[in-house]
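Protein chains in written order, with the numbering used here: chain A, 2 to 334; chain B, 2 to 334; chain C, 2 to 334; chain D, 2 to 334.
Simulated from the structure, these hints should not be mistaken for laboratory data. Remember, it's a predicted structure, so these values are computed and weren't measured experimentally. There could be a bad hint or two in this list.
Note that identical chains are pooled: a pair holds if it fits in a single copy or bridges any two copies.
Below, computed lysine to aspartate or glutamate pairings styled on EDC-like, alpha-carbon distance capped at 16 angstroms [what the hints assert, rightly or not]: (1) 71 to 139; (2) 7 to 260; (3) 48 to 139; (4) 202 to 176; (5) 119 to 45; (6) 132 to 50; (7) 195 to 171; (8) 202 to 58; (9) 48 to 317; (10) 195 to 139; (11) 71 to 179; (12) 119 to 61; (13) 215 to 244; (14) 215 to 139; (15) 14 to 45; (16) 71 to 45; (17) 321 to 20; (18) 321 to 244; (19) 321 to 171; (20) 132 to 171; (21) 71 to 81.
Protein chains: 4
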Amino acid sequence: MIIVLKANTPIEKQNQLTDWLKGMHLGVHVSTGEYQTVIGLIGDTTKVDIDLISSLDIVERVTRVSETFKCCNRRFHPEDTVIDVNGVKIGGGNFCVIAGPCSVESEEQIMTVARAVKAAGAGMLRGGAFKPRTSPYDFQGLKAEGLELLRQARKETGLPIVTEIMSVSDLPLFDDIDVLQVGARNMQNFDLLKALGQTDKPILLKRGLANTLKELLMSAEYIMASGNEKVILCERGIRTYSDYMRNTLDLSAVPMLHELSHLPVVVDPSHATGIARMVPPMTLAAVACGCDGLEIEVHNNPTHALSDNAQQLTPDEFAKLCKRIEVVRSVIA
Amino acid sequence: MIIVLKANTPIEKQNQLTDWLKGMHLGVHVSTGEYQTVIGLIGDTTKVDIDLISSLDIVERVTRVSETFKCCNRRFHPEDTVIDVNGVKIGGGNFCVIAGPCSVESEEQIMTVARAVKAAGAGMLRGGAFKPRTSPYDFQGLKAEGLELLRQARKETGLPIVTEIMSVSDLPLFDDIDVLQVGARNMQNFDLLKALGQTDKPILLKRGLANTLKELLMSAEYIMASGNEKVILCERGIRTYSDYMRNTLDLSAVPMLHELSHLPVVVDPSHATGIARMVPPMTLAAVACGCDGLEIEVHNNPTHALSDNAQQLTPDEFAKLCKRIEVVRSVIA
Amino acid sequence: MIIVLKANTPIEKQNQLTDWLKGMHLGVHVSTGEYQTVIGLIGDTTKVDIDLISSLDIVERVTRVSETFKCCNRRFHPEDTVIDVNGVKIGGGNFCVIAGPCSVESEEQIMTVARAVKAAGAGMLRGGAFKPRTSPYDFQGLKAEGLELLRQARKETGLPIVTEIMSVSDLPLFDDIDVLQVGARNMQNFDLLKALGQTDKPILLKRGLANTLKELLMSAEYIMASGNEKVILCERGIRTYSDYMRNTLDLSAVPMLHELSHLPVVVDPSHATGIARMVPPMTLAAVACGCDGLEIEVHNNPTHALSDNAQQLTPDEFAKLCKRIEVVRSVIA
Amino acid sequence: MIIVLKANTPIEKQNQLTDWLKGMHLGVHVSTGEYQTVIGLIGDTTKVDIDLISSLDIVERVTRVSETFKCCNRRFHPEDTVIDVNGVKIGGGNFCVIAGPCSVESEEQIMTVARAVKAAGAGMLRGGAFKPRTSPYDFQGLKAEGLELLRQARKETGLPIVTEIMSVSDLPLFDDIDVLQVGARNMQNFDLLKALGQTDKPILLKRGLANTLKELLMSAEYIMASGNEKVILCERGIRTYSDYMRNTLDLSAVPMLHELSHLPVVVDPSHATGIARMVPPMTLAAVACGCDGLEIEVHNNPTHALSDNAQQLTPDEFAKLCKRIEVVRSVIA
């Protein structure tokens, strides 16, 4: 960490600061220039509060040199992490499409979609049983019954299941779920992250609405520092002033997260755009910039043909998209 | 709700949509124009998923006419809500300054600060015992011990205490806490909101990092629809591309929230700016545009004079500010 | 346009509004419901100020049904526009890579880079002669001398040249420039747009720092409504709270602009990321989601090897990337 | 400027960088630590491209120590700038309300409004003659005729006039205009800024839609470095994801700009909120945090009562607000 002091800082103030830093068992190196004084800190600065120091009267600016994330940092773990979910692998060259309906609605629905996405080549089945909704009056999911329907779908198709957990108190219900998803709104629900860090389940961690990549990695760090290294990062669009799309898919997060971290990175083009016909082009773009997997919403609703062109793809559209994914993957690798 | 169909929508598709809407027990009025067809919905449309309908192939645009929030809506509750915390009132002309340290650190610290803020005119004492931190390696608060120190400070000063709760499982520890605060990162932790809705405690609900006013009100609605009407809204700065300040304090939220809702609105200038010397001007601005209260960080640290000019005010600075608050209040009311 | 009135609007107020609208030669259809009244407008509503009406006391909400952009609207011009720049085509299936240095620096530099990018397959040469810089103390470009060097490079390589114009008063200097670029900061410099609309030059219009797609299309509309239909749209990253990248590349703009407009869409991954090693993955992603071309910065600086890994690619890196672009294009088309 | 190198940077690469920096006539101080090497630069680093250096392979991070703005920097000019417009002063304790209609529409309109705002206490008259509009089909202003009407209003009331200039080529028309306004969309139209820097007119410079405070100050620097020191800064709301307001008024810009610069700072609550009934609370808040003036839209339209509650205040509402401004000013100063 580098601290630049303001010009004309009184020497007593400077000494107060360096004494305080030494009291934190840090190596403190002062270099005094003509116009400014720079203090370099050596040692474990992860506990130093950069905001506090930045706001001191005598401080011009502070730069943190070593990253504060460790477990997920590629610097300390150069090889890609490969996560194995009942034999289905993701990361390190292993690619996986996770597909299924936004919400689990009925046995018939989840079974039909599960069979269809498996036939198209999906590696895992997704489906929401506990649904975070902005309004308390919106459908909150089938909950335990939804989880049970997912288990049936897994039993028949063999596809591992991925579903969102919203609360520590629901953990016992997720005992035999294969991948636990943390939604964007819970990305900084630190108690949930710590509790998931004490399980041995793979965690699919979605980037929050307006969170930076560093904050995403720090949330992964919460899980990993608690003992669970099986974290999959997920870019799902961020909030901007976009006018025609629900969110702005930040695909540059894919190569940058790969540079910063060894964890697998998947992309959710369905939530990012909110429009089914935008899902295929954004899916192919995500593949082209190197994502390790995708999470795509697929819904089969023969009686409600109207909703077919909403956010979710039909099984047919999904099957066609899977073929195009394969083609792009074959030339990118 | 108004649905505008695309030009040349086939009549069968249109009928499918109107039949589906009628199936939801809504009144459906179709007006067919030369270039477009407009469908008006009457009835309880709070359960209609506007995103779903917007994304239908045949739909040009959807406008929701009636607001989806009810309990917190001023339209259905024209008088200001007044919340009484052990005799200290907020809202409806009652103004309250909540002050105290960011974190509870020691008995000496909390006692000294509590006495000082009481003397200066604060109505409630704040102090963090459970601290949400971006990094798992940062100080997470004194937890139960911190709550105990807050109780001691209350006992001596008589000030009601306000402190953040991060998890449903901690609720039993907060049994005799006067006001439970929900932090920005948990604004859409819906399970926590529902659990707090089942208590009879006043809840101080902070606006999330990048949440809209409607989302803030919908989160208040979660608490209120679960049975607890004692919600205090708090603006604490939003995330933008600000370069010199931690967040961007959105003061226009104050008069707009007052127009939309009957709930009291407080402002936290300390977290919004992250810089102690910016707290006084932003505090006075918040008072001038009509806030019902403030949450201000005050810290007494005689041995660490360095941190005096960080985010937290000294007791002296706070006392001076309280006098200025009173002066501005006296001419605004 | 659909205007929804507030409940309990007095009939006189409603009549005032409808009379005023009729005075604008619009067809006015009023439908009165139990809880609300909806006014539909038919005719040329492009001149109706939606902000003004939205802000009326009696108005609940306004929805514009017909888009305000016409010349660039795909609805009125279903076929893709193909722009022919001295035989090099872009749009409608014609793909073009525009490459060259950020700034023209010297004859040797521009000649070397021009030859290199031509050999690698670029269709046009870019190079900044007039440079918009945040600071008045930063290098502002070689100006007229830079344009002359670009002409020399064109003469030798045959590549059409693309360069930024910042001011109407510079137009005479751009007389024989092939494509005039409007930079992000000038996207809403309406006087410049109108002047360019009176030329017959193809215009490369970059999306502003924080502008919506609609605003980008309205700026294209300024050029087209002034008589020049040769507009190329360019996505170059938008401003968010991104921490590791200069801007956030909004690739979903590509398919959405294609849906809304018939104009060609190119992507500039160099300015979007600001980091040379991020350019290849974002280039391939842009190709995969269907862009019509790319604008990529390439610099040859054998004596300053240090800057090779900055924002600009080396000729070698560019040549390798061009091959990968071709491979992805071949499977996407 | 401080450059932190990555661990394990080869010494040749490091020397290449330091040689290059020395070639720019900068003092270069290298301090080599156990884990990292830090390079300090002394001298005129305003011409060093921080983005270029940041993006070098071997560079971990760069921190600029001295600000790049000079003319407008309070560090080099501690006393407040006072701008005198025909005897009306702003800055350094002099407060001024600029008021008038959004657009000049007719002689009767501008005369009526000018008289009314003068009577209420406004110090200058505003009115748009050249209007920047997102759509080419929207009203673009009365142009030269509008300027003439402003001159008439000045003649009668004695109020100096403030109006927007959009293009260098219009400068001759503004010869006797008192204050030239640069609109948000032109904040980085550098050619316009340079041309205004060669006049001796006071310039009211509005912050761009999504520009940082530093960018605003750098644009002021363009004007000042060209020779004109009479710049008034204006905060008018920034673009965020606000749902109920047109923009988000960033009032913390007021004290922060005062800290960074000696220039006067005015606030435009009309454009910031877009809603007349939000103008009074935000005006009082702006006054309370120390702004040097306000720019408020006032319109007198007895025949179109409908628009009275749009963005613009009526003369009556404005007169009442002026009294409240005075009251708050009297207790703040």
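Results for each hint:
Proximity of residue 71 and residue 139 under a CA criterion of 16 angstroms is satisfied inter-copy only: 13 angstroms between copies versus 40 angstroms inside one chain copy. Proximity of residue 7 to residue 260 under the C-alpha cut-off of 16 angstroms is restricted to the inter-copy arrangement: shortest distance 14 angstroms between copies versus 34 angstroms within a copy. Taking the shortest Cα distances, residue 48 and residue 139 sit within 16 angstroms of each other only across copies (6 angstroms), while inside one copy they are farther apart (42 angstroms). Proximity of residue 202 and residue 176 under a CA criterion of 16 angstroms is satisfied intra-copy only: 9 angstroms inside one chain copy versus 33 angstroms between copies.
For a Cα distance limit of 16 angstroms, the shortest separation of residue 119 from residue 45 qualifies neither inside one copy, at 48 angstroms, nor across copies, at 39 angstroms. Taking the shortest alpha-carbon separations for residue 132 and residue 50, only the inter-copy value of 14 angstroms comes in at or below 16 angstroms, while the best intra-copy value is 36 angstroms. In this assembly of identical chains, residue 195 and residue 171 lie within 16 angstroms of each other by CA distance both inside one copy and across copies; the values are 14 angstroms within and 14 angstroms between. In this assembly of identical chains, residue 202 and residue 58 lie within 16 angstroms of each other by CA distance neither inside one copy nor across copies; the values are 46 angstroms within and 37 angstroms between.
For a Cα distance limit of 16 angstroms, the shortest separation of residue 48 from residue 317 qualifies neither inside one copy, at 52 angstroms, nor across copies, at 29 angstroms. Taking identical chains as interchangeable, the C-alpha atoms of residue 195 and residue 139 lie at most 16 angstroms apart only when they sit on different chains, with a minimum of 14 angstroms there against 29 angstroms within one chain. Taking CA atoms no more than 16 angstroms apart as the test, residue 71 paired with residue 179 passes in neither setting, with 26 angstroms inside one copy and 39 angstroms between copies. Taking the shortest alpha-carbon separations for residue 119 and residue 61, neither the intra-copy value of 58 angstroms nor the inter-copy value of 34 angstroms comes in at or below 16 angstroms.
When the C-alpha separation of residue 215 and residue 244 is checked against a cutoff of 16 angstroms, the pair qualifies only between copies, where the shortest distance is 7 angstroms, while the shortest distance within a copy is 26 angstroms. Proximity of residue 215 to residue 139 under the C-alpha cut-off of 16 angstroms is restricted to the inter-copy arrangement: shortest distance 15 angstroms between copies versus 32 angstroms within a copy. In this assembly of identical chains, the alpha carbons of residue 14 and residue 45 never lie at most 16 angstroms apart, being 23 angstroms within a copy and 28 angstroms across copies at closest. Only within a single protomer do residue 71 and residue 45 lie at most 16 angstroms apart by alpha-carbon distance; the minimum there is 12 angstroms, versus 37 angstroms between protomers.
In this assembly of identical chains, the alpha carbons of residue 321 and residue 20 never lie at most 16 angstroms apart, being 65 angstroms within a copy and 31 angstroms across copies at closest. Proximity of residue 321 and residue 244 under a CA criterion of 16 angstroms is satisfied in neither setting, with 29 angstroms inside one chain copy and 36 angstroms between copies. Taking the closest pair of Cα atoms, residue 321 and residue 171 never come within 16 angstroms of each other, the shortest separation being 37 angstroms inside a single copy and 49 angstroms across copies. Taking the shortest alpha-carbon separations for residue 132 and residue 171, only the intra-copy value of 13 angstroms comes in at or below 16 angstroms, while the best inter-copy value is 23 angstroms.
Taking the shortest alpha-carbon separations for residue 71 and residue 81, only the intra-copy value of 15 angstroms comes in at or below 16 angstroms, while the best inter-copy value is 48 angstroms.
The structure fails to meet hints 5, 8, 9, 11, 12, 15, 17, 18, 19 from the earlier list, while all remaining hints are met.
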